[in-house]
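*Asks:* Here's the letter readout for the chains.
Protein chains: 2
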Amino acid sequence: MIRSPALTRARMSVVVVALWSLLIAPTINAQLSRPPQYSPQLVSEIKKVQQAAMESDYAYRQLAHLTENIGPRLSGSPQAQTAVEYVAAELRKLGLEVKLEKVMVPHWVRGEETAALTDYPGMAPGTTQKIVLTALGGSVATPAQGLTAEVITVNNFDELQALGRDRVAGKIVLFNAKFDQQLADNGFAGQAYGQAVAYRGGGPSAAARLGAVAALNRSAGGAEYRLPHTGALRYADDAPKIPAAAVAAEDADLIAHLTSEGRVRMRLVLTPQTLADAPSYNVVADLKGSDHPEQIVIVSGHLDSWDLGRGAIDDGAGVAIAMQTAQVLKQLHLRPKRTIRIVAWMNEENGARGGRAYAEDHKADLVNHFAAIESDLGAGHPLGFYAQGKPELLTVLQPLATILQSQGAGVTRMVEETGTDVAPLGEAGVPTFAPIQDARAYFNYHHTAADTLDKVNPKELQENCALVAALAYTLANMPQTLPR
Amino acid sequence: MIRSPALTRARMSVVVVALWSLLIAPTINAQLSRPPQYSPQLVSEIKKVQQAAMESDYAYRQLAHLTENIGPRLSGSPQAQTAVEYVAAELRKLGLEVKLEKVMVPHWVRGEETAALTDYPGMAPGTTQKIVLTALGGSVATPAQGLTAEVITVNNFDELQALGRDRVAGKIVLFNAKFDQQLADNGFAGQAYGQAVAYRGGGPSAAARLGAVAALNRSAGGAEYRLPHTGALRYADDAPKIPAAAVAAEDADLIAHLTSEGRVRMRLVLTPQTLADAPSYNVVADLKGSDHPEQIVIVSGHLDSWDLGRGAIDDGAGVAIAMQTAQVLKQLHLRPKRTIRIVAWMNEENGARGGRAYAEDHKADLVNHFAAIESDLGAGHPLGFYAQGKPELLTVLQPLATILQSQGAGVTRMVEETGTDVAPLGEAGVPTFAPIQDARAYFNYHHTAADTLDKVNPKELQENCALVAALAYTLANMPQTLPR
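First to last, the sequence lines map onto chains F and A. Going by this note's numbering, the residue at position 63 of the first sequence is 182; the numbering climbs one at a time, nothing skipped. Going by this note's numbering, the residue at position 341 of the second sequence is 460; the numbering climbs one at a time, nothing skipped.
Accuracy of the hints is not assured; some may be wrong.
For identical chains, the list gives no copy identity; a pair is met inside one copy or between any two copies.
Taking lysine-lysine pairs in the DSBU-like style, the calculated list, with each CA pair at most 30 Å apart, reads [stated by the list, open to error]:
1. LYS297 <-> LYS218
2. LYS166 <-> LYS456
3. LYS166 <-> LYS449
4. LYS360 <-> LYS482
5. LYS297 <-> LYS167
6. LYS249 <-> LYS578
The set of hints was computed from the structure by calculation and includes no laboratory data.
For reference, chain F alone in the conformation it holds in the complex (with noise of 0.2 Å):
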């Protein structure tokens, strides 16, 4: 998910945001202009829409499948073509119109990862000390055998500089840069994300640049299991390759308290490939609209997941809640003004290539794009929906607001990116949304082995599906043009 900082300080408390928003927004908006009326029959329908997704037991079976049935589905993997082509045959099973369109993706190969501290102060003669790590996305290898080198540890990268070139060439860079679960726990997960993962995206070209042979960072995000998070790295293009892995929690804590002690060396094996790019797809499908088949709205969430877990939250989920919003149209016979496109987004991970290629590969067409839902920051209670683009967006989308204030959502925000898929679209003048979830915990298992299917509670599925059906439906029906 995720990923600019821009956009991670942007998603704020949502405690704070759902009161900011209930109590003051609304008056500021009004004071800004007045929100439209919707038709009574247009009112009656959104209410349908949510009422029956809200019911619906479709897109649980949907995640279910796509994350037990058929697991994790890295960019270039067997399981994502699956993915690719399951969800298209699902979609042409509603009766929508499924196109593929090709996108060449990254293909990163996870090998062995194994790690072990072989000398430190107090330990028992003829044992090591196991390091629990994964590699980074788009890490290089190790030798087969492994390296063995001194580790150091560094809080922050201005630690890094005063050690200076002397003392880390040769070393492997232990970035032990604490998640601070508090801020999350406030609701800030975003900001606490943001803070961590600097150190996963920049830590390993820093440390190259002062001849570390390898760079570690202590996993970005919460929750204390043993449990290393992966995610990209950003490797420049001044700096040499080093291989790069987030180390668990605890293993973080334990390279700090003994390389306080004394020295401390490490032998890291890690042996992923980087094979050429492979083809894949997003999958386009369209309900087609009924007044402006030309205009289209978008409702999305990312195909591509990680390969340590199996996807569930970051973002089956929002695949799912996409799906779920052409179920209930088709189940209701609702046939929208607006063509509603549904996509499931391929390499939201580790290259962003699937965003990027739609909005090349429709660039003429972007004028016609009406709006662009994307859902990837879990499946957690929404509380409402965020917006990019032009503040009077909340002001015309105010009747919805009110719609959705019934299932506790009816919070309206402004952000600066909603979705690293639709990002492209929002730059290019598409007005973009997402759900605000409560995402408290989404960075406990976030990038991890456990980002498994029971960590979505079907009932706050049900109400993400409820919202984004709703909000669809909403854009693809409203009289109103969005202001853009």
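With chain F's structure known, arrange chain A on it following the hints.
*Replies:* Same frame as chain F, but now just chain A:
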């Protein structure tokens, strides 16, 4: 730690115990007989001991060394031997008379452990679905290349029996009994554990009697972070020994889901080895009594641990708490009237050989064992202490309970067993004791890779040290004898 259902049933809700004991028990006790009065000097010394332990970081430093510098300490491992030598040396440093009492222990060594579903409904061609599991202690191995068989799921022993040999023979059986986290959250953690652990202990032989080729159990513990919980199994004499492992809760869910949809096959590789019994030691360290040196008050925890984590809550904490009692008496220059004997037991986890050997070796002297304390339920806030023996124990210790109330630990309660290692002493008539720890989160980490130093709150460890030191000093100095 604790494995006997009798004990786990006895470890009742800390909340209920607290209310019961605070509001009702004192009244009942008062009716049984009148509590004694301790001399002002004894009361003053108990309070000094309690206070000094509450302010010391000695136990935490010992625990940090045991877990992080030495590491996991499974019986027979080099780390267990290093830990024996380390604890002995530390207690000698304090001036205690230290002996290593030999005990032959099982020597089981974990090997490779991997599993994957190789055939199941809806699978992506050419893929498998990874299953996270860990061998149970004492398990025999699969063939080195693994075994592949159909998996079937049962929720309890009755369902297994109902299937019968025809449908079980040749299969891998998953016992999918869920850990009752709600029961644990309500304070009945031991009871929740007792229910789940029945399948870990007895499942393999029950399945083998019907011809199963391997047995899996859903992990006996809370917290669903893809963490398998190991622990000892018990092979029955009348059944073939088959390989056995605990799967993570998420993987039990997956198997249950897929087996409900169709045929599921698994490839299972477990290569543990059971080597010849190895020599090891109980560490036995005496702080000689001034008036009755022949009378012994044991203060103990167990030094061995499982191999996945680092043995912090189970039971490095118990050993560190016991060591703190000696340290604090030395620091305060308080010589007890009876001998305080610090014991670090070996092999609680997979054989209980240390406790049994001690009782056997000291059989002739057990009449002089005044009391025995063991801490083996983590280091959560202590609410008071358990006692095993005559109910009048609580009466003669009531003045201590009143003192402990100052640290929120004034609860006293009779139980059938206080700790595995002191149970043989209890059976021989020695009164035994244990802290009543808040164990609501204990089984989230117990027997997993996440049993690491950070799971121990330094302040709560100090509270346990204060309680145990005060209890030990009281037992060693009270003018009364204990009923037995």
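*Asks:* The structure should be examined with respect to each hint, and the outcome stated for every one.
*Replies:* Cross-check of the supplied hints:
Proximity of LYS297 and LYS218 under a CA criterion of 30 Å is satisfied in neither setting, with 44 Å inside one chain copy and 43 Å between copies. Taking the shortest Cα distances, LYS166 and LYS456 sit within 30 Å of each other inside one copy (17 Å), while across copies they are farther apart (79 Å). Taking identical chains as interchangeable, the C-alpha atoms of LYS166 and LYS449 lie at most 30 Å apart only when both belong to the same chain, with a minimum of 15 Å there against 74 Å between chains. Proximity of LYS360 and LYS482 under a CA criterion of 30 Å is satisfied in neither setting, with 34 Å inside one chain copy and 66 Å between copies.
Within a single copy, LYS297 and LYS167 get their C-alpha atoms no closer than 46 Å, and across copies no closer than 38 Å, so neither meets the 30 Å cut-off. Only between protomers do LYS249 and LYS578 lie at most 30 Å apart by alpha-carbon distance; the minimum there is 28 Å, versus 40 Å within a single protomer.
In terms of the numbered hints stated before, the structure departs from hints 1, 4, 5, listed from lowest to highest.
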